[in-house]
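Protein chains: 2
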Amino acid sequence: MLITRPSNRMKEVSSFHVMDVMTRAKKMEAAGHDIVHMEVGEPDFSTAQPIVDAGIEFLQQAVVHYTEAQGLPALRQKISDFYLQQYGASVPIDRIFITPGASGALTVALAMLLDKDDEVLMPDPGYPCNSNLTTLFGGQPKIVSVDAEDDFQWTREKVLSHWSDSTKGLMVASPSNPTGTLISAERLSDLVETVKEKGGFLISDEIYHGLTYEQRANSALEYSDDVFILNSFSKFFGMTGWRLGWLIVPEQAISAATRLMQNLYISSPTHSQYAALAAFEDDAQAVLLARRDEFKARRDVLFHGLEELGFVIEHKPQGAFYIYADCSAFTDDSYAFALELLEQQGVAVTPGIDFGRNKPERYLRFAYTTSRQQIELGLTRIKAFLVSKGLV
Amino acid sequence: MLITRPSNRMKEVSSFHVMDVMTRAKKMEAAGHDIVHMEVGEPDFSTAQPIVDAGIEFLQQAVVHYTEAQGLPALRQKISDFYLQQYGASVPIDRIFITPGASGALTVALAMLLDKDDEVLMPDPGYPCNSNLTTLFGGQPKIVSVDAEDDFQWTREKVLSHWSDSTKGLMVASPSNPTGTLISAERLSDLVETVKEKGGFLISDEIYHGLTYEQRANSALEYSDDVFILNSFSKFFGMTGWRLGWLIVPEQAISAATRLMQNLYISSPTHSQYAALAAFEDDAQAVLLARRDEFKARRDVLFHGLEELGFVIEHKPQGAFYIYADCSAFTDDSYAFALELLEQQGVAVTPGIDFGRNKPERYLRFAYTTSRQQIELGLTRIKAFLVSKGLV
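The listed protein sequences derive, respectively, from chains A and B.
The opening position of the first sequence corresponds to residue 96 in my numbering, with each subsequent residue numbered one higher.
The opening position of the second sequence corresponds to residue 96 in my numbering, with each subsequent residue numbered one higher.
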């Protein structure tokens, strides 16, 4: 018989529970129901017009050949300039790789760094692909609960207390998905030093940089050149479907990253790269900064609305477009709660279970990737749901 | 100290030697030299206008959001129709995954099928990423020499004699890169049966389908539903820089492939998928079929020209856009020969070493991805090179 079954390892690569929510939401929409979408990690905005225009202009020439595996030098130069301007960090373009989304950046970083059974510390709650891809490349995700009182971020003490002989590296994400919390400059600098002392690697997920509402986020690059940085054109730059991100690696990892880009991708989408050249120009930046302000306004509406309803939000999120709300006043099973809320009121949210094992049954993630009007409607419906269940 | 060095496994992931040729060729071009490019596996054509137009039309709406992870249902339906029409094979769209290039299809297939130390039989000469990606996912590439007298393709006997207890699967490619040879319907059917008897998986690389000049290529899908098919929009469809391909999996592998798509890619480029919808329409197909005829004409010019110069081509290639020529009449080091040919005459070709360990020093791969005029010029220069060295 031909083998058609996946490998044993695939048992460890999980799907996302939010897919159940999305599938059900789609079916309800097809049946004529009106759904408020607060489950999706994708902004509702269309791509900023100057970026679209650059993409069209490029396509009009019709020559859509491969770029070099590492990506267009002109785009890498713009990213390098951006780091100097935003963070005061000097990054030569040889260390910058244009990847198919930040997913590509994460894949290349993990594929490059992991040998069999190498352990990687990752925060819980956190982005679920981190552990799935670590498993895929033979590594061992070591998922560590980070606490609300620490802004759901690492502390030096927590890293030290979980670092074992098999630990090879640490992942940090700021702003965090799902909590939207930032790590302070001081603690990030501490983390870099701690991992350096332990002789490990540091992967810093900075894909929500630019989407911060009170202060800018710090990059791990401000404290060392020897770190791996993941970033994306999908979030602040609003280019989700274009599939473009970038990876910054230390000098010594350039050859390995180049080989992986060649073997895994040949190159990133060419038309997306040419469009992205426009993303750093003033006209595009003006659009993107106005959207950031709109995200801030949405956050405030959602934050206050949820608090008023009795959800507990331990930290007002300072970035990304998520609120991770404690719903334990209403339920001890946030997954069932999410499905029931969808079924009865047509509001789609993501259950905590997608982000780890750190009390996920107490949490729901609300994405403010939809309009303020929709958010208000969602809040009204959630209230009706809670009232109908006698919970408020 | 922070870890900046790649894993041990990365030592097994090789770069391509043709990159040395390309880098040197670029430098020579920058210095004003005129280079004939026969090293690149990318057609010189621009994208067919109806496909470009569809891409522009899509971008004009500016909404470039993620598609579902598996890809646009409408595009998968067109691919399904295409299989029925081309091969008489019925493939439900649930088994079709739109991937970022055929590289994505290969990645998902290997990531899904391999556990640690699983052995995969692959033909030599063959596409170098096959072994690199197998290594990346913890498998063991077992590279087996295939012979000119067997059209550089597997035979049942050869598979049986190399299949061991650790062998988990077989890779087959028709038309082959670098040889351009096809496997016959009978032998392909035999292979499917052989792998079935042994209880392994079969991955069929069909990315050059459509680019065949005397007869159509057969798909492994004609003989079983339980096979893994890699295909691409880059070759016959001429959409290299758009980064789009597809993977067909058996029913039982749908869930695993979906999870991998979500984790590795989120989805394939949306604008590319919408553009590709136009690739199956009559106007685009007319352009693509005319280009296929042009490739055939180029092949004939190059084939006869090389034979006349004294290169030995054991099999006139029937597909793809490569000729794998034995240059042992002139050199016992094809890599040095390729570099010298570039240096002295500005003709860039790919040395055999990129395709395996099966007498690579005897072979050069010539790509007819450039115009007939350029091919003629290349032949003239190769002749001058041989004359200058007293070899003809």
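Hints should not be assumed to be uniformly reliable.
Which copy is meant is left open, because identical chains are indistinguishable; a pair holds if it fits in one copy or across any two.
The list that follows gives simulated cross-link-like pairs (lysine-lysine, DSSO-like), each with its CA atoms no further than 27 angstroms apart [stated by the list, open to error]:
#, residue 1, residue 2
1, 253, 454
2, 411, 122
3, 253, 106
4, 173, 122
5, 253, 291
6, 237, 106
7, 391, 237
8, 173, 121
Don't read these hints as lab results, they were simulated from the structure.
A quick look at each hint next to the structure:
In this homomeric assembly, residue 253 and residue 454 come within 27 angstroms of each other (Cα to Cα) only inside a single copy, at 18 angstroms, whereas the closest approach across copies is 55 angstroms. For a Cα distance limit of 27 angstroms, the shortest separation of residue 411 from residue 122 qualifies neither inside one copy, at 33 angstroms, nor across copies, at 54 angstroms. For a Cα distance limit of 27 angstroms, the shortest separation of residue 253 from residue 106 qualifies neither inside one copy, at 29 angstroms, nor across copies, at 33 angstroms. Taking the closest pair of Cα atoms, residue 173 and residue 122 come within 27 angstroms of each other only across two copies (23 angstroms); inside a single copy the shortest separation is 43 angstroms, beyond that limit.
In this assembly of identical chains, the alpha carbons of residue 253 and residue 291 lie at most 27 angstroms apart only when taken from the same copy (15 angstroms versus 51 angstroms across copies). In the homo-oligomer, the alpha carbons of residue 237 and residue 106 lie at most 27 angstroms apart both inside one protomer (17 angstroms) and across protomers (25 angstroms), since each shortest distance falls under that limit. Taking the shortest Cα distances, residue 391 and residue 237 never come within 27 angstroms of each other, neither inside one copy (33 angstroms) nor across copies (55 angstroms). For the identical chains of this complex, residue 173 and residue 121 are inter-copy neighbours only, at 23 angstroms across copies versus 39 angstroms inside a copy, given an alpha-carbon limit of 27 angstroms.
Hints 2, 3, 7 from the list above are not met by this structure, while the remaining hints are.
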